[in-house]
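Undergrad: With chain A fixed as given, assemble chain B onto it according to the hints.
There are 2 protein chains.
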Amino acid sequence: MRRKITLKHIARELDVSISTVSKALKGSSEISEDTKDKVQAFAKLYNYKPNNIAVSLKNKRTKNIGVIIPDIVHHFFTTVFRGIEHYANQRGYNVIVCVSDESFDREVVNMEMLANGSIDGFIMALAGETQLKKDFRHLREVMDQGMPLVLFDRVTDEIACDKVVLNDEQISYEATMSLINEGRKRIALLTTDSFFSVSNAREQGYKRALRESNITVDENHILRLPYNKEIDGVGSFLKKNNINAVLTVNEIFGVHCLSAAQGIGLNIPTDLSVIGFTDGILSKYSVPKLTTVAQHGDKMGALAAKLLIEKIENDFNEEDEVFTTEVIQATIIRRKSTIN
Amino acid sequence: MRRKITLKHIARELDVSISTVSKALKGSSEISEDTKDKVQAFAKLYNYKPNNIAVSLKNKRTKNIGVIIPDIVHHFFTTVFRGIEHYANQRGYNVIVCVSDESFDREVVNMEMLANGSIDGFIMALAGETQLKKDFRHLREVMDQGMPLVLFDRVTDEIACDKVVLNDEQISYEATMSLINEGRKRIALLTTDSFFSVSNAREQGYKRALRESNITVDENHILRLPYNKEIDGVGSFLKKNNINAVLTVNEIFGVHCLSAAQGIGLNIPTDLSVIGFTDGILSKYSVPKLTTVAQHGDKMGALAAKLLIEKIENDFNEEDEVFTTEVIQATIIRRKSTIN
Numbered sequence: 001m002r003r004k005i006t007l008k009h010i011a012r013e014l015d016v017s018i019s020t021v022s023k024a025l026k027g028s029s030e031i032s033e034d035t036k037d038k039v040q041a042f043a044k045l046y047n048y049k050p051n052n053i054a055v056s057l058k059n060k061r062t063k064n065i066g067v068i069i070p071d072i073v074h075h076f077f078t079t080v081f082r083g084i085e086h087y088a089n090q091r092g093y094n095v096i097v098c099v100s101d102e103s104f105d106r107e108v109v110n111m112e113m114l115a116n117g118s119i120d121g122f123i124m125a126l127a128g129e130t131q132l133k134k135d136f137r138h139l140r141e142v143m144d145q146g147m148p149l150v151l152f153d154r155v156t157d158e159i160a161c162d163k164v165v166l167n168d169e170q171i172s173y174e175a176t177m178s179l180i181n182e183g184r185k186r187i188a189l190l191t192t193d194s195f196f197s198v199s200n201a202r203e204q205g206y207k208r209a210l211r212e213s214n215i216t217v218d219e220n221h222i223l224r225l226p227y228n229k230e231i232d233g234v235g236s237f238l239k240k241n242n243i244n245a246v247l248t249v250n251e252i253f254g255v256h257c258l259s260a261a262q263g264i265g266l267n268i269p270t271d272l273s274v275i276g277f278t279d280g281i282l283s284k285y286s287v288p289k290l291t292t293v294a295q296h297g298d299k300m301g302a303l304a305a306k307l308l309i310e311k312i313e314n315d316f317n318e319e320d321e322v323f324t325t326e327v328i329q330a331t332i333i334r335r336k337s338t339i340n
Numbered sequence: 001m002r003r004k005i006t007l008k009h010i011a012r013e014l015d016v017s018i019s020t021v022s023k024a025l026k027g028s029s030e031i032s033e034d035t036k037d038k039v040q041a042f043a044k045l046y047n048y049k050p051n052n053i054a055v056s057l058k059n060k061r062t063k064n065i066g067v068i069i070p071d072i073v074h075h076f077f078t079t080v081f082r083g084i085e086h087y088a089n090q091r092g093y094n095v096i097v098c099v100s101d102e103s104f105d106r107e108v109v110n111m112e113m114l115a116n117g118s119i120d121g122f123i124m125a126l127a128g129e130t131q132l133k134k135d136f137r138h139l140r141e142v143m144d145q146g147m148p149l150v151l152f153d154r155v156t157d158e159i160a161c162d163k164v165v166l167n168d169e170q171i172s173y174e175a176t177m178s179l180i181n182e183g184r185k186r187i188a189l190l191t192t193d194s195f196f197s198v199s200n201a202r203e204q205g206y207k208r209a210l211r212e213s214n215i216t217v218d219e220n221h222i223l224r225l226p227y228n229k230e231i232d233g234v235g236s237f238l239k240k241n242n243i244n245a246v247l248t249v250n251e252i253f254g255v256h257c258l259s260a261a262q263g264i265g266l267n268i269p270t271d272l273s274v275i276g277f278t279d280g281i282l283s284k285y286s287v288p289k290l291t292t293v294a295q296h297g298d299k300m301g302a303l304a305a306k307l308l309i310e311k312i313e314n315d316f317n318e319e320d321e322v323f324t325t326e327v328i329q330a331t332i333i334r335r336k337s338t339i340n
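In order, the protein sequence lines correspond to chains A and B. Under full-length UniProt numbering, the residue at position 247 of the first sequence is numbered 247, and the numbers go up by one with no gaps. Under full-length UniProt numbering, the residue at position 319 of the second sequence is numbered 319, and the numbers go up by one with no gaps.
If we strip away everything but chain A, and leave its shape as in the complex, we get (with noise of 0.2 Å):
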């Protein structure tokens, strides 16, 4: 059988990104008529098509499920593949995994590659580039093929499939209430990007809790770090702002926080009570340890789990297909970063 291209090897050849590529093959007015008219002729020439990348997925089942993460060294994301793992196992199913590196390329290569007929469905955090791209036609071509997908954590109103969340919103609002019932007023809030979809609830809900308290809501409390990076400048900005008490939307922000605070002579919990997303290893070995958002994650595979085996399962009709978003409850854990 003649080797079937993909979207890769199109814009290898042609030097280009993937994206280009896929907007070529759409016609995107985002992309010159020069590189769409040689995408389209090379696709023409190799016969591309868009929806070989599933075959005949209902005649051949493969017994494995394909897994995307955004980061391997990332507690949370290992958690839910733990739990991702655990139920599949129990039900007969193997777990393969691959790793966007919060890449959009990367993500959509390793769908291209896993679709081919190595699985079953898909269960996918999204990548933090292609929450800002907002292109999720790789989704698409997947779904388009009656190929099941789940989405976790990193998800996206724009497609319609079966999610799990964590109740983001709701658990920042509730952690920084907490804060706020300590006698805190000068609450900061250490996040990234908001592209990330999850980030950007947790923001919100910072905001609910405050505006709720009738504490105006200040930007200049709110740090964005970079993600994967080196962390800088926690300490001159708690200094600057007076903070007294701090959320943080990961666990690594948590323990850098209270070591730039203790750095600047500050007590934890007398001077500053901090409250960290993702209650992993770090929390339970820092000093003081830290109070953490318990994200569930072996629960949240779990399920991903059982709802992508019940897709798959089952045969639906399209116009019969219903698809739920069931939300994760988080608890806070409270340790000794915190007064309550």
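A portion of the hints provided could be inaccurate.
[Unchecked claim] A few chain B positions that, by computed beta-carbon distances, are all more than 12 Å from chain A: (1) E33; (2) K38; (3) T156; (4) A201; (5) K299; (6) I328.
[Claimed, not checked] Within a straight-line C-alpha distance of at most 16 Å, the following computed EDC-like cross-link-like pairs (lysine to aspartate or glutamate) qualify: (7) K38(A) with E13(A); (8) K134(B) with E169(B); (9) K185(A) with E219(A); (10) K44(A) with E13(A); (11) K284(B) with E230(A); (12) K284(A) with E230(B); (13) K134(A) with E102(A); (14) K134(A) with D105(A); (15) K38(B) with D15(B); (16) K284(B) with D232(A); (17) K284(A) with D232(B); (18) K133(B) with E158(B).
These are calculated hints, taken from the structure and not from any lab test. In this text, a Cβ means the ideal position worked out from N, Cα and C, and glycines have one as well.
TA: Just chain B now, kept in the frame of chain A:
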């Protein structure tokens, strides 16, 4: 095409372990005649061929590399993965990961699944249970089909293939020597069960340093802790044996030791020095910051990927095939849990 039958199918059908099926097919005397008869009859009926797992590989390049790691919630393995991925992506290869969860059966199942046409070669670290059982037939089967295999970190002398390892014995010797040079004499080793090849090598290095320094090796000073389970009893162990320095074979044992020692009133590093293997994120945020053995997982991964891709892209005659073992040089990162 009729679905291929695997060891796993036979094991599930007859309700025995994969290892039993494998042994029964080879006529092993460990297995009862009755079970052997059943397994062999079943295998014959369904036309099982041990050699069917890697079909005509040489004619069918996938540009995918399969990685099997024992644990996904583990800093060292995830950094090796990142090293593999970074190098492989540059060379135009995708990477698929499966996790054995330290289980022999899952390792076999994952290997069968990936070898079934999805990938061009394997990079793997052996599951704990595989090292305990010393059953490597699944590796041999894959290699017999001409599928290249690179082992890293957790390796075995029983399989001739390319390997990338750490100088575990030597760096453990050097770390122990540096504790001795601080004037410590009551030096403990916090380790896992000794069937882990790396733990065994680290134990040998620890013992060599003691012997060369005329310090009697006291087996009571070696504490074997469960892996991936709750850790308990470290404080009382330190107290009872009047320990004043500790080498730990991983980072979690290291930070746990810091915490347990401070819990019984020991000052670090005045009363107790600690060095831990794995230079991960825990060490940077522990109090005090932990002196560690950096294993350079990224380098190990990149080198493993390089060796594998060379094998994939060059057609060797079997007689000409040469295997190498590359040794990564670990380094000691000095922080605040040691005097020097």
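Undergrad: Hint by hint, which ones does the structure fall short of?
TA: Hint 8 contradicted; others consistent.
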